[in-house]
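Visitor: Based on the sequences and whatever the hints tell you, model everything.
Protein chains: 2
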Amino acid sequence: MNDAAALRIPKGFSFSAVAAGIKASGRLDLALAESVAGTTAAAVFTRNRVAAAPVQVGRAALVKGRGRVRALIVNSGNANCATGAPGIAACERITREVASQLEIPQSSVFPSSTGIIGVPLPAEKIVAKLPELIAGREASEHGLQQFMQAIMTTDTRPKVAAVHFRVGKSEVRLAGVAKGSGMIHPNLATMLVYVFSDVAASPSQVKNLLRQASEGSFNCMSVDGDTSTNDTVLLLASGCSGMSLRSESVRKQFSRALLDVCQSLANQIVADGEGVHHVIRLFVEEAKTRAEALRVAKSIAHSLLVKTAWAGADPNWGRILSTVGACGVPVDPEKVSIQIGGQVVCRKGVAYPFDEQTAHCDLSQPACDVRVRLGRGRAEVVFTTTDLTAEYVRINADYST
Amino acid sequence: MNDAAALRIPKGFSFSAVAAGIKASGRLDLALAESVAGTTAAAVFTRNRVAAAPVQVGRAALVKGRGRVRALIVNSGNANCATGAPGIAACERITREVASQLEIPQSSVFPSSTGIIGVPLPAEKIVAKLPELIAGREASEHGLQQFMQAIMTTDTRPKVAAVHFRVGKSEVRLAGVAKGSGMIHPNLATMLVYVFSDVAASPSQVKNLLRQASEGSFNCMSVDGDTSTNDTVLLLASGCSGMSLRSESVRKQFSRALLDVCQSLANQIVADGEGVHHVIRLFVEEAKTRAEALRVAKSIAHSLLVKTAWAGADPNWGRILSTVGACGVPVDPEKVSIQIGGQVVCRKGVAYPFDEQTAHCDLSQPACDVRVRLGRGRAEVVFTTTDLTAEYVRINADYST
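In order, the protein sequences belong to chains S and W.
For what it's worth, our numbering labels the leading residue of the first sequence as 17, then goes sequentially.
For what it's worth, our numbering labels the leading residue of the second sequence as 17, then goes sequentially.
These are computed hints drawn from the structure, not numbers from a lab.
It is possible that some hints are incorrect.
Because identical chains share one entry, a pair is satisfied inside a single copy or across any pair of copies.
What the hints assert, rightly or not - No more than 35 angstroms apart at the CA atoms, straight line, and that leaves these computed lysine-lysine pairs for DSBU-like: (1) K185 - K39; (2) K39 - K223; (3) K314 - K351; (4) K364 - K314; (5) K80 - K27.
Just so you know, these numbers come straight off a predicted model, no measurement behind them.
Guide: So, in structure tokens, the structure goes:
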């Protein structure tokens with residue numbers, strides 16, 4: 017995987033960004049990605065019943081346009097959520113204008129917004145900047161960097177992951193960008209993820225592959241357990257590499273590359289955010305089903321007592337065991353074992369002698385593995401989560417509506 | 017309701033406490049309550065699958081003794097949890113000794129423990145102190161005060177609630193004591209509640225009434241959403257008032273009095289704990305069913321974003337709306353309204369003009385009401401919860417295993 021300095025931009029895409037005055041800071045807050053005709057797309061959206069206007073409009077556009085997308089328009093600084101019918105109208109006004117100026121169908125324009133909830137979106141500011149935005153497009157790393165900057169809200173750093181693989185003399189490229197952390201000023205911290213690739217794929221192939229990759233990445237991470245109203249993961253396939261997913265070898269390599277990109281972005285999202293001091297990789301093993309493993313993992317990842325213990329690098333396995341017992345999965349406590357870092361700390365439900373200083377050191381690292389074995393079956397999940405620090409609380413409590 | 021200074025001790029009970037050296041501080045840590053022959057009892061236990069040894073032993077004793085209890089033996093400082101078969105043996109050794117010295121059946125001795133998880137219970141320290149404990153019994157307010165002190169762990173104050181009502185010339189008394197806050201050093205903060213009454217009741221009447229009262233009190237409160245391994249609520253009815261629940265008038269009054277005692281204790285538990293700055297009374301209304309209202313209430317009460325906003329007295333209704341949308345109940349966001357203090361802040365899913373300074377002031381009080389209307393039906397619930405402060409995190413992170 018390449019870092020941002022060595023990005024190979026997938027063919028068929030161009031990017032740009034401007035400051036439209038939605039962010040009070042005056043920073044870049046409006047981003048455009050355009051792609052060639054024939055680009056296929058699929059998206060995964062928030063499961064929150066309070067879905068922001070762009071989520072509703074984007075979902076409908078993908079259906080109406082049958083999975084064909086030509087442009088992606090994103091603003092930061094305002095989530096256009098809980099804004100009622102005027103919010104939908106504002107979003108549609110923007111996609112209509114983008115479509116008209118790019119001379120493409122309105123259903124091929126995909127919108128996203130991220131920022132504060134409950135404040136009307138100033139569509140006129142965005143529309144006024146569209147000519148400048150469209151004129152600035154470039155199919156370059158610089159363009160993508162600008163795009164990344166413009167979608168950030170409280171992120172402390174941009175998040176990007178790129179992979180390419182060769183098939184004979186051809187090269188297939190993937191580049192993904194993301195914003196969000198779920199941690200700081202979380203009304204402004206929706207997760208938005210866009211993965212661009214020049215592979216050739218049908219809309220249904222794109223859809224299936226994105227679902228699989230999301231399941232093993234974004235659905236296996238949690239910072240504070242809150243689900244945003246605007247969460248969106250979009251995959252675009254321009255076809256410009258000339259390589260198609262009809263080939264099984266290409267499909268396998270692409271599928272692996274897509275998972276790599278998504279996992280990298282998920283890890284970058286979790287690791288970002290001023291409140292996070294420790295990232296925990298939680299292995300829940302010996303579950304009956306993956307769903308069961310995921311339920312246990314989420315319970316642990318959302319327990320205030322466990323998360324605060326991690327903040328103090330405290331190898332308090334009693335809190336983990338108690339959370340497993342309370343999560344609704346019919347575990348037999350006498351079969352549960354817990355490992356922190358390299359040491360077993362609880363075996364078959366009771367204390368197992370371990371070196372506390374070593375465990376404390378392991379948990380003091382920026383990242384540490386915690387392993388919980390349920391003794392019920394062979395299913396497992398790897399879940400990425402974080403500690404809960406006083407800093408997190410201070411930042412979120414000090415937030416002023 | 018009377019405060020502790022004016023406690024009328026229900027007839028038929030005597031209390032005592034000693035320091036047995038389980039708490040490192042040397043404070044009172046072993047408590048006894050004895051009751052007359054014929055006393056009926058019922059208990060509600062933690063739903064955590066990791067149930068401590070005393071919970072397992074106490075549950076079995078209630079079944080074997082058919083709801084008759086003569087003595088209650090409680091230690092603080094050690095939860096006797098995740099201690100395996102030796103933990104069960106230690107607990108049974110203690111109840112056997114109490115039974116032998118009081119000359120009552122072992123199945124009529126009900127045990128509780130609260131304190132650290134995963135450390136063997138020093139049964140010999142407890143057994144050695146039993147003669148002193150038994151000799152010290154007194155049927156007085158002082159005895160009950162000693163009992164209360166001995167069951168405390170990190171509580172900052174004892175929790176007691178008492179009610180009496182007259183039926184003709186007779187008086188029925190209820191006195192309840194509780195420990196726990198779920199907030200500070202929560203491995204030591206199990207919720208234990210004991211309600212003593214001199215009403216005459218059958219074991220099944222006691223059971224039904226306790227279930228109902230718990231449903232409207234302890235099951236409608238949350239501090240941090242974690243469920244302890246030792247939570248126990250026990251109701252004892254000595255019959256010494258001579259008034260029986262066979263009379264419908266007595267049953268109604270008793271039922272109301274029991275709910276009052278339980279709600280008062282629940283509120284005292286929530287309000288205690290150094291980390292809590294604000295108690296929030298959450299009214300979830302217009303739900304289809306009570307279960308649905310409770311689900312919404314718990315989701316709000318467990319959202320880090322909502323709880324941290326409350327810590328900052330921030331009237332951030334977007335976080336509440338988003339949490340309602342994410343909780344799994346099929347709400348229509350356009351029917352949801354939210355009220356903070358006396359003001360509507362969100363109506364039919366969108367912002368409603370309100371005075372932010374007033375809302376901030378309301379949330380700055382020690383207690384504030386927040387009302388969420390779902391527009392789905394007529395069921396409702398009142399749920400008591402708290403903010404999440406940096407102090408909570410610091411205390412729990414600094415906890416050393």
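Visitor: All hints, please: hold or fail.
Guide: Hint check:
In this homomeric assembly, K185 and K39 never come within 35 angstroms of each other (Cα to Cα): the closest approach is 45 angstroms inside a single copy and 73 angstroms across copies. Proximity of K39 and K223 under a CA criterion of 35 angstroms is satisfied intra-copy only: 33 angstroms inside one chain copy versus 59 angstroms between copies. For a Cα distance limit of 35 angstroms, the shortest separation of K314 from K351 qualifies both inside one copy, at 20 angstroms, and across copies, at 30 angstroms. When the C-alpha separation of K364 and K314 is checked against a cutoff of 35 angstroms, the pair qualifies both within a copy, at 21 angstroms, and between copies, at 31 angstroms.
In the homo-oligomer, the alpha carbons of K80 and K27 lie at most 35 angstroms apart inside one protomer (25 angstroms), although the nearest pairing across protomers, at 75 angstroms, exceeds that limit.
Consistency with the previously given hints fails for number 1 only.
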